[in-house]
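A.B. asks: Listed below are the residues making up each chain.
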Amino acid sequence: DAGVTQSPTHLIKTRGQHVTLRCSPISGHKSVSWYQQVLGQGPQFIFQYYEKEERGRGNFPDRFSARQFPNYSSELNVNALLLGDSALYLCASSPRQPNTEAFFGQGTRLTVV
Amino acid sequence: QQQVKQSPQSLIVQKGGISIINCAYENTAFDYFPWYQQFPGKGPALLIAIRPDVSEKKEGRFTISFNKSAKQFSLHIMDSQPGDSATYFCAAVNYGGSQGNLIFGKGTKLSVKP
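Chains as they are written, first to last, in the working numbering: chain A, 1 to 113; chain B, 1 to 114.
So here's chain A without its partners, still in its complex pose:
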């Protein structure tokens, strides 16, 4: 019984580069959300998708974008990476919207150097 899977688990990028993070939700879950967790802080909401449509966006710059595919998997893209983008990026899936009963993946640890 697979949970939320994210790839890659760790990533090192250089300032100015672009990164794509991937998430596969729990089977049957149609809602995917992305959160950024800086060390020592709680997760902060970036995007929410439900049935392939964006349903919410947090207070993040336009360098951040995402999409959800017909199989409900999702990608988070970040352009022009800054040192401050270094964080654990978490994907959460829910069977429905709103994001109650959210189940998180193990995250992707992004380090920008």
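Simulated from the structure, these hints should not be mistaken for lab results. Quick reminder that beta carbons are idealized off the backbone N, C-alpha and C, glycines included. Hints may be right or wrong, so weigh each one.
As the list claims (entries may be wrong) - Here are the simulated DSS-like cross-link-like pairs (lysine-lysine), alpha carbons at most 30 Å apart as the crow flies:
| hint | chain 1 | residue 1 | chain 2 | residue 2 |
| --- | --- | --- | --- | --- |
| 1 | B | 113 | B | 15 |
| 2 | B | 106 | B | 58 |
| 3 | B | 15 | B | 42 |
| 4 | B | 106 | B | 71 |
| 5 | B | 15 | B | 109 |
| 6 | B | 71 | B | 5 |
| 7 | B | 57 | B | 68 |
| 8 | A | 13 | B | 42 |
| 9 | B | 113 | B | 68 |
| 10 | B | 42 | B | 58 |
| 11 | B | 58 | B | 113 |
| 12 | A | 13 | B | 106 |
| 13 | B | 42 | A | 52 |
| 14 | A | 30 | B | 57 |
| 15 | A | 30 | B | 42 |
| 16 | B | 109 | B | 68 |
| 17 | B | 106 | A | 30 |
| 18 | B | 113 | B | 57 |
Claimed, not checked - Cβ-Cβ distance ranges computed for the label pairs, FRET-style:
| hint | chain 1 | residue 1 | chain 2 | residue 2 | range |
| --- | --- | --- | --- | --- | --- |
| 19 | B | 8 | A | 70 | 22 to 30 Å |
| 20 | B | 41 | A | 14 | 19 to 27 Å |
| 21 | B | 60 | A | 57 | 34 to 42 Å |
| 22 | A | 106 | B | 3 | 35 to 43 Å |
Since the structure of chain A is provided, determine the placement of chain B on it from the hints.
C.D. replies: Chain B only, in chain A's frame:
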């Protein structure tokens, strides 16, 4: 602007003791309050949750107490064990709103000493 305030930042408890973590919220539209447990290198895992029409919810050694008038809720961990050592996050969500994202507190790092 932080919508969910969590305290304390860190907590040390002896094995068998009671761990208490408190949270306060500002937005009265919040109507679902989950607690998450996070171990190092892992994503947060849902521990227990409560809706504001209930003042208390208990699941095993974990209890949420909810005070709607004070806009506060707390997590009690009874008979705390070393395996409970983790970071705990309270969260809130507006279930009836158009955007159902979780708003998290800053977390409490719990250490249970044997």
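A.B. asks: Hint by hint, which ones does this structure get wrong, listed from lowest number up?
C.D. replies: Hints 9, 19 and 22 contradicted; others consistent.
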